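Using the sequences and the hints given, assemble the complete structure.
Protein chains in written order, with the working numbering: chain A, 42 to 274; chain B, 42 to 274; chain C, 42 to 274; chain D, 42 to 274; chain E, 42 to 274; chain F, 42 to 274.
No wet-lab data here; the hints were simulated from the structure. Only true hints are included.
Because identical chains cannot be distinguished in the list, a pair is counted as satisfied if it fits within a single copy or across any two copies.
SDA-like cross-link-like pairs, simulated, lysine to any residue; straight-line CA separation at most 25 Å:
1) Lys-218 / Pro-181
2) Lys-235 / Arg-217
3) Lys-235 / Ser-166
4) Lys-142 / Glu-236
For clarity, every value in this text was computed on a predicted model and none was experimentally measured.
Single-letter residue listing:
6 protein chains.
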Amino acid sequence: MKIADMNWMQLESYLQQDDRVVVPLGSVEQHAYLSLAVDMILAEKVAVDAAEPLGIPVYPAIPFGVTPYFAAFPGTVSLRVETYVRVIHDLLDSLARSGFKRIVLVNGHGGNQPAASAATEWMLSNPGVKVRFYNWWNAPHTLANVRSVDPTSSHASWMENLPWTRLADAPCPDARKAPIDYQRFHVMNAAQAKEYLGDGNFGGWYQRPAEVENAMWQVAVEETRAILQGPWE
Amino acid sequence: MKIADMNWMQLESYLQQDDRVVVPLGSVEQHAYLSLAVDMILAEKVAVDAAEPLGIPVYPAIPFGVTPYFAAFPGTVSLRVETYVRVIHDLLDSLARSGFKRIVLVNGHGGNQPAASAATEWMLSNPGVKVRFYNWWNAPHTLANVRSVDPTSSHASWMENLPWTRLADAPCPDARKAPIDYQRFHVMNAAQAKEYLGDGNFGGWYQRPAEVENAMWQVAVEETRAILQGPWE
Amino acid sequence: MKIADMNWMQLESYLQQDDRVVVPLGSVEQHAYLSLAVDMILAEKVAVDAAEPLGIPVYPAIPFGVTPYFAAFPGTVSLRVETYVRVIHDLLDSLARSGFKRIVLVNGHGGNQPAASAATEWMLSNPGVKVRFYNWWNAPHTLANVRSVDPTSSHASWMENLPWTRLADAPCPDARKAPIDYQRFHVMNAAQAKEYLGDGNFGGWYQRPAEVENAMWQVAVEETRAILQGPWE
Amino acid sequence: MKIADMNWMQLESYLQQDDRVVVPLGSVEQHAYLSLAVDMILAEKVAVDAAEPLGIPVYPAIPFGVTPYFAAFPGTVSLRVETYVRVIHDLLDSLARSGFKRIVLVNGHGGNQPAASAATEWMLSNPGVKVRFYNWWNAPHTLANVRSVDPTSSHASWMENLPWTRLADAPCPDARKAPIDYQRFHVMNAAQAKEYLGDGNFGGWYQRPAEVENAMWQVAVEETRAILQGPWE
Amino acid sequence: MKIADMNWMQLESYLQQDDRVVVPLGSVEQHAYLSLAVDMILAEKVAVDAAEPLGIPVYPAIPFGVTPYFAAFPGTVSLRVETYVRVIHDLLDSLARSGFKRIVLVNGHGGNQPAASAATEWMLSNPGVKVRFYNWWNAPHTLANVRSVDPTSSHASWMENLPWTRLADAPCPDARKAPIDYQRFHVMNAAQAKEYLGDGNFGGWYQRPAEVENAMWQVAVEETRAILQGPWE
Amino acid sequence: MKIADMNWMQLESYLQQDDRVVVPLGSVEQHAYLSLAVDMILAEKVAVDAAEPLGIPVYPAIPFGVTPYFAAFPGTVSLRVETYVRVIHDLLDSLARSGFKRIVLVNGHGGNQPAASAATEWMLSNPGVKVRFYNWWNAPHTLANVRSVDPTSSHASWMENLPWTRLADAPCPDARKAPIDYQRFHVMNAAQAKEYLGDGNFGGWYQRPAEVENAMWQVAVEETRAILQGPWE
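Structure, rendered in structure tokens:
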């Protein structure tokens, strides 16, 4: 259930019977032909779909994350690591104050990894609260499904090209892009990266048939749901 | 137009003909019987409605703001001032890097006022970019309209009770609440504030007829649109 | 009573009978023909005058505040918002450690508003201490008095031209300046602002007769004193 | 000349002929029987007296410094080192923006030493501006004079007991206190330090005759003045 | 070559012919029966061995990293993420100032991952300098070698039990520990983690024969050396 | 005993009988003909030699300190004051968590003085733990010994030219350098400082006979050892 569809009194009731909550972590950044908000949209969608049958509330996604390497692509918003860590700390402080004791951060963007470190260090001063940082897109089953379709699938390829992220007026090529060279990419500055990446896809098919998409999404939702269920000890 | 409905290439095209952009600033916090996300929903909605005919892109709202006084109400998320200022700085740095030169922060929450200070100090080191911080809810025409309906209208009253923020399963009272005493409220700690505020409404009618709502919203959208148009010098 | 006129033993005695204290917040910045320290001088003076008959100690004013928009005027000192918030937090920590439980920040400069947010968030972790942030210059009675004399009075006009802030060798014009356009001013960078503002007065009479000044000051002192008296719950 | 006695236009004129400026650094903290503001008062007074014949402007003292070891004495205000460093950086940024190129920080409190480090690191990114951090009370000639009177003179002894810092209603003992043991003091926590220090004097005569005071002050003013004169290369 | 074996004049000469440099990143934390400084020792050793034939200078390792999950084991030192990011930024600023243009951070501890993010965001403001963050222990060839010996090898197992990290007076068991459950470990607080981990080994053989150790180390050194050689574009 | 020669179980045993620990503070910076790591090497060596007979564990030195004035000499790494203060705070938090109650920071570099302030302010929130900041090189007996050999000895002179810091391939001159003018040095920017300092020695004999070195070191080790022994109250 979305927090946006609840008021504080309803949440107060919920907290008398459960103490789990989900916050999706997004990013607004280049995703080739797809929406600039892919990571935000998918993190929120997978979280809501996973939480629905469990009745666990889901906060609106934090739209912005850490993505300096895409800074030269128009529209990209990148928070500095320090800023991001503080956002995570303040968020967790607030959730703990509300009475949540088991918190899942469903992350949609690789660059947001410092949130995992932030959550771990926050738990050191909040030993009574559990925080799980969870990358929905590279969890074992989801990743296995993606690779079974196309082992080179990556950023902005078909695995992120879903009904909620593609744009009516910006069709993706019916093609398969060769994977980028990560070793080279990692030492490029922002301008070099923009030139090197071209449209921004990191490799793999730009699109796959609807049934392939659906199967992947189904795995992702179920794997995320399992995380919400535990283990919590 | 929502940024979420654009890809980076489309935004690159836009930037060749215009350099304006909007970022809504929200808050997730108690709003009595209404959605916990009222300030986020309305800031984003008024921004999108205002920007639509001008073709100016609108980022997803930053959901969380500064709201320590509501900390005792479950669901409230409050960023510390330092954190919030950093988020604003990083956001503006990113937008300037993309090539935006005229940025409007459409704010939906009074506690987010430090973003105005953050924007002004940011302009000191970025003299070529203009940032306007804009509170849609207390702009002169909108405020006049609200007060003409009910001079005591405030937080969580009818002026925020709109089709996009009310909850099907949580009807608002058909009543008018007496205004709170702000002098007392401002020195209360979070626990005292929760007790004092009761349901959380700060005063005024909980609901008004649809035509009153619509008229208010119309004024707000037009006043916000005028801000996007200028002056910018 | 000024803290500067007390030693720690005297303050220790005071704390056995009262727990109120005042800290004035100033700014060193352009004030047209008047002293660069207007905001510091008046905040401290109104605080001392108000506190005198109540026997409440008053700290020396913090001279510097947040005023980036005046950065192009020589002499202006502006602290960044983050810095200022930290100063306020450290100050409040220190006062609470001394045993003060009711603290009034008497503020003389509009740009210092983030101190109000800082104080509120500080109270969240210090629920046993009350902090009131108080703008002496726009409190209701004082503002009403000022507007009754000249509705356009503003920064560096007669309302700040008092015996303690005017300079013997820099007489003010006997004139009334047209108000500035705030919408334009708020998106100007520092250099544009300096050019636009001319001498720096924001509008209104540069000077008024002594009896008008005195009457205004009397209202301000009494209104500030009332704040020191409460309510504190 | 005090900045408080100048307006921005006068300062603009000054900057066409000189680029030196002084900022006194104080502390509000226990000084035994003397004013809680000793370090602020003396730093500002010695700076103003030294600068007077040279026509160099002097800012109001920053009242608060770094003094955690006196935290248990009522009235003490201590900024954290990080806060203080930021204040110094922002101050220097502001002064450089005004056009000052030779800045003297006249410091009145030993605990403010991190300001020296802050100034040095600031110069690394501002190679065209010189900042001298100057402890007026332990400069060679002043210290020699103080020690010639009483080699054990220290915090809150006669060397700080001057017409501007003593309190009419709090006479100092006509006695000489044995010096404290610094090795022990440095590992005491705040509560232990308060108990150990008694009235707060660190050792030496509480008072000396007026001519001794005057002679010391004369040395201090002249030594400070020499610093303002250079060398600056 | 170790920086500790050079003076500034020798480094100045080096910089006229090459612009590469290495900084090892360590951690002081529990490593079961092995030295508390394993991560520091191995990062520095692999860096020095790799750099030797290339003549590239190697800084002393930063001993402390980010390791909050081991906080309950005596001896563990953990920097907060914010602190660590600042250390990395300051380090890179310093190296760039010296004239280095290709910098390798050879990391010995998984928790230090935020340094990778810090390096990437630093490159955004320093587009002329390349920084490669390199985990020597999970680079492809090294990891393949480790897994070929024992697929469950992990923290504090044989792969870190080398002549430079084992202690004469603390022999390791001749045994193979079952791997821990990472899902459970990641939501444990520090006290629970200490209890759960027992001696601290995460799984795998505690020791392997010298020739197995040597072969692994050889792979690691060569793979690290290859990184120093490029690609750098 | 070096922490690097202990595992966590051994340290846990130690903590049942003693609660003292040492952390050396170094700097990597120009030292004329000597190793760039002089301050790190000597702080660690004097700490280890002093602690040895007492059985007190010694952490690896923090290699980097605060040294902006040497920034123009290749190889120098300087942390900003804020960064350094955070490192010290995090370190002390970690040591306190391990159970250490008496901590000595053996400092080898004058620029690291803010660590003393950081330690003192840390004790304010950790009143049960004692931290002594100790400059081994200007402690009374050591300094007296150094000055008895050569009163002008300073940075990079014979007092730092020891078997562990000199380089086989970089012989020091057999000469005595005239002392620098500190007043001038302190207002120089980094480029001016590099030019002014020449080889980097601040004055005094570059080298002294082995027996002079040994005698000095003996005094330093014993004086440091006495500090470890107390007083601690």
